[in-house]
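**Q** In case you want the letters, here they are:
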Amino acid sequence: MLSFTKIKVLSIYLVLLLTIFFASLNSKNNNLIDKSVNLGLDLQGGSYILLEIDTKPLVNQKLQAKVIPIKKLLNSNKINFKDFKINSNNISLTINENKQNKFKNLFFKQQDNTVNNFITEYNKFELDLAFSQDKVFIEFSNFGLISLNNSALKQSIEIIRRRIDDVGTKEPTILQRGSKRILVELPGIDNPERVKELLGKTAQLTFRLVSNDDNFGSEKLILSENNEELTVSKRVVISGDNLVDAQPQFDSQSNQPIVRFTLDRLGAQKFGKITTENVGRRLAIVLDNSVISAPQIREAITGGTGTISGGFSFQESTDLSLLLRSGALPAPINIVEERTVGPDLGKDSIDAGVFSLIVGFILVILFMLIKYRIFGLISNISLIANLLMIVGILTILEATLTLPGIAGIILTVGMAVDSNVLIYERIREELKTEKSIIHAFDTGYNKAKITVIDANVTTLIAAIILFIFGSGPVKGFAVTLGIGIVTTLFSAYFIARHLTSVIVLSDKKGKYFKL
Amino acid sequence: MNNKINFSNFFNMANIFSLLAVIISILFLFFKGLNYGVDFKGGTLLEIRVDNKNIQIQDIRSSLNIPELGDVNVKQFGKEGDFLIKFEKNANENEKFITELKKIISKKISSVINFRRVESVGPKVSSELLKQGLTAIVLALGAMLFYIWVRFEWQFSLGAIVALIHDVIITLGIFSILSFEMNLSIVAAVLTIVGYSMNDTVVIFDRIRENLLKYSKIKTNVIADISINETLSRTIITSLTTLLALFSIFILGGEILKGFSFAMILGVLIGTYSSIFVASPVLNYFKVTQKTLLKDDDI
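The listed protein sequences derive, respectively, from chains A and B. Our numbering puts the first residue of the first sequence at 341, with every later residue one more than the last. Our numbering puts the first residue of the second sequence at 331, with every later residue one more than the last.
Some hints could be false.
Reference listing, derived: stretches of chain B covered by chain A, where coverage requires no fewer than 3 residues with Cβ under 8 Å from a Cβ of chain A [unchecked claim]:
| no. | region |
| --- | --- |
| 1 | 422-433 |
| 2 | 443-455 |
| 3 | 461-475 |
| 4 | 513-520 |
| 5 | 551-565 |
| 6 | 581-587 |
With the Cβ distance kept under 8 Å, some of the chain B side facing chain A (calculated, not the full set) [unchecked claim]:
| no. | residue |
| --- | --- |
| 7 | Glu377 |
| 8 | Val480 |
| 9 | Arg481 |
| 10 | Asn529 |
| 11 | Asp536 |
| 12 | Thr571 |
| 13 | Thr572 |
| 14 | Ala575 |
| 15 | Ser578 |
| 16 | Phe590 |
| 17 | Ser591 |
| 18 | Ile595 |
Hints are computed from structural coordinates only; laboratory data are not their basis. Beta carbons are placed, not taken as given, at the ideal position from N, Cα and C, and that holds for glycine.
Put together the whole structure using the sequences plus the hints.
**A** Structure follows, in structure tokens:
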């Protein structure tokens, strides 16, 4: 065990040098390679936000959109129906039983189906039928719901990304988590409350006429400026989908912050038509079920641009423009988890963490030096190498260092000496019976090997499971703990062993050392 | 080192002690339960720093006399002027809530305050996190059981797992007695304790196995004694260096790591005890002898 071939020694130190080189990339004046350890949100400050989309209203909304195509299909094929009703998750209607089969065939037609989309991805239809005597129920199939959910989630991620990019935070992370959740990480953000407000808003904008009687039905909404109750038509003149741009501005006369919007061609046409026909009436601008303003139409607006004024502050007009530009979320989104750390706390954590690391390190080094003298020194050299290698590997992986991650490194420092202790204690035992020192070292290393591996594998299992199940900071702990185990084995069995062999072989009588 | 201690003489006494400790722990866990933090119970945690250092904890408390918040808990956190506030309400239900709360507190205590940390977890996520944490611990125990079973005989595996469960239950029992707050990092600590305790047990088991093969005529108890004594200095030294590192985090690592390092210190102490006094006696109860090891069909 004590003999090393030259090539072996060379490669051991090459590996060590390589990791030390990578570790050195973290110093401030490095501009060689752009690689460094990332600091977790708990160390650099920032927000971790977990969002969940609520697809329930979406199902109803999508069913509403099916109403016209379904009625068209029934009428054009001369299928009589009655009691047509939209419920929260299905549509119910009554069809004579002898016509039901005809409807079923049309409903599940593979080609040119205007009602029921065939999802090629799953090889299944989006909608399902259920019959109960002359009652027919139309509902989303399981695959329809999945596909609805997935497309809503994808779209939401896209819109959230646009909103966050617009706010201008550095290096945001936006990821899908599971089937309904979106993870947003915003490092170094100074105003998380504003971003939260921007993320949570559905931002469904509609322009609707204020009316008292309308055959599309109407609803009562509150004008947020002065709490006036307005009766607003349910018929949407134009919606946020028709918007191509929105910018915050100051009104030239009142000097109030306003939002100027630009419509697409279709929107401009519709807007022009409605404003021409309804001069004198009030037009409600509705955002997520609350009326932001309801100005009177003074003249026809045909240019495709307009302004919204609603007694905004400049910040509000900026945010509203941003929301309108990024578009509406397909479904409401809720924040289900938030963790925000201020930058000064992050800095305090780093300082305290690093300080305790250094103190713990010095204590362990002193202990080993007193207990094992020259071999303690070897163990300490391998411990330093171990630390540098951990940092080096973290850099190569561009891993994220968190506060528990720092704790993981300190723990590694405490436990890393275990391998060397195991070996030295074993050698000490061998020395009692074995006359040849070289032999004692050889068998000591050999016999301790199995124990060292067994002992480290168990900790490695804990680290791997933590990595899989842990989130955020805890994951950081698992990473450093896991890397620590690997580097510990390397430094104990290669570096420390090599250094030991150099000493033992050069001093065969054991004059200068004692275990 | 020739310090020969007859550990096996204490096995029975230690086992009765352990059994009592486990029973007491289970009773506490059952009747008092654990003090779940925001991560597992849902709600909001705020770490605040008050500019005016004359502000006392009761000032903060009375400023938070807002029924909407639910159960409120305030404590001093580290330096003067730093407080940790916890309440039941999930601040995420309303995006403006935190901003408004900041204004209210700041006005009531008439001092500038700074929210250094905000953690808000909804009820659904918190129950998921709890489930995840428990799954992780159970899986880790299972995986280690499997590893020991593959590397040793089933009796060893059983001994190790009894020791691990002993450690986990007593650690949790002590948390319950102390009303120690359970959060995500405590789950990490418990898992590391499991790893550490296993590590310690494996070292002793390795030696027991080796000695069983070496001496065929000595009783299992005596073999356990010899093995524990042979590895004792290693057990003590490793526990010591690990504790040195952990105490350094506990004292100097800042408030956030305090709970985490405390749990680990507790775990290292219990883990070291259990590998000597819990895991090794199990081998004796199952009459593990040289024959057990030499049987080819080890299940």
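**Q** Given a cut of 8 Å on the nearest C-beta pair, is the interface hint for Thr572 of chain B held or broken against chain A?
**A** holds, 4 Å
**Q** Can we keep the Phe590 of chain B interface hint, with Cβ of chain A closer than 8 Å?
**A** holds, 6 Å
**Q** Does Ile595 of chain B hold up as a contact with chain A if the rule is Cβ-Cβ below 8 Å?
**A** violated, 11 Å
**Q** Holds or violated: Asn529 of chain B as interface residue toward chain A, Cβ cutoff 8 Å?
**A** Since the shortest Cβ distance to chain A is 4 Å, the answer is holds.
**Q** Report holds or violated for chain A covering the region 461-475 of chain B, Cβ cut-off 8 Å, minimum 3 residues.
**A** n = 8 at 8 Å, threshold three: holds.
**Q** Holds or violated: is the Cβ of Thr571 of chain B closer than 8 Å to a Cβ in chain A?
**A** It holds, given that the least Cβ distance between Thr571 of chain B and chain A is near 5 Å, below 8 Å.
**Q** Does the closest beta carbon of chain A sit nearer than 8 Å to the beta carbon of Ala575 of chain B?
**A** Holds - the Cβ of Ala575 of chain B comes within 8 Å of chain A, reaching about 3 Å at its closest.
**Q** Given a cut of 8 Å on the nearest C-beta pair, is the interface hint for Ser578 of chain B held or broken against chain A?
**A** Where the cut-off is 8 Å and the nearest Cβ of chain A is about 3 Å from Ser578 of chain B, the hint holds.
**Q** With a cut-off of 8 Å, does the beta carbon of Ser591 of chain B approach a beta carbon of chain A closely enough for the hint to hold?
**A** Nearest chain A Cβ about 7 Å off; hint holds.
**Q** Okay, the region 422-433 of chain B and chain A, do three or more residues pass the C-beta test at under 8 Å?
**A** holds (count 5)
**Q** Using 8 Å as the Cβ threshold, decide whether Val480 of chain B counts as touching chain A.
**A** Where the cut-off is 8 Å and the nearest Cβ of chain A is about 10 Å from Val480 of chain B, the hint is violated.
**Q** How about the region 551-565 of chain B: do at least three of its residues have a C-beta closer than 8 Å to a C-beta of chain A?
**A** Since 4 is at least three, the answer is holds.
Checked against the numbered hints listed earlier, the structure breaks hints 8, 18; every other hint is satisfied.
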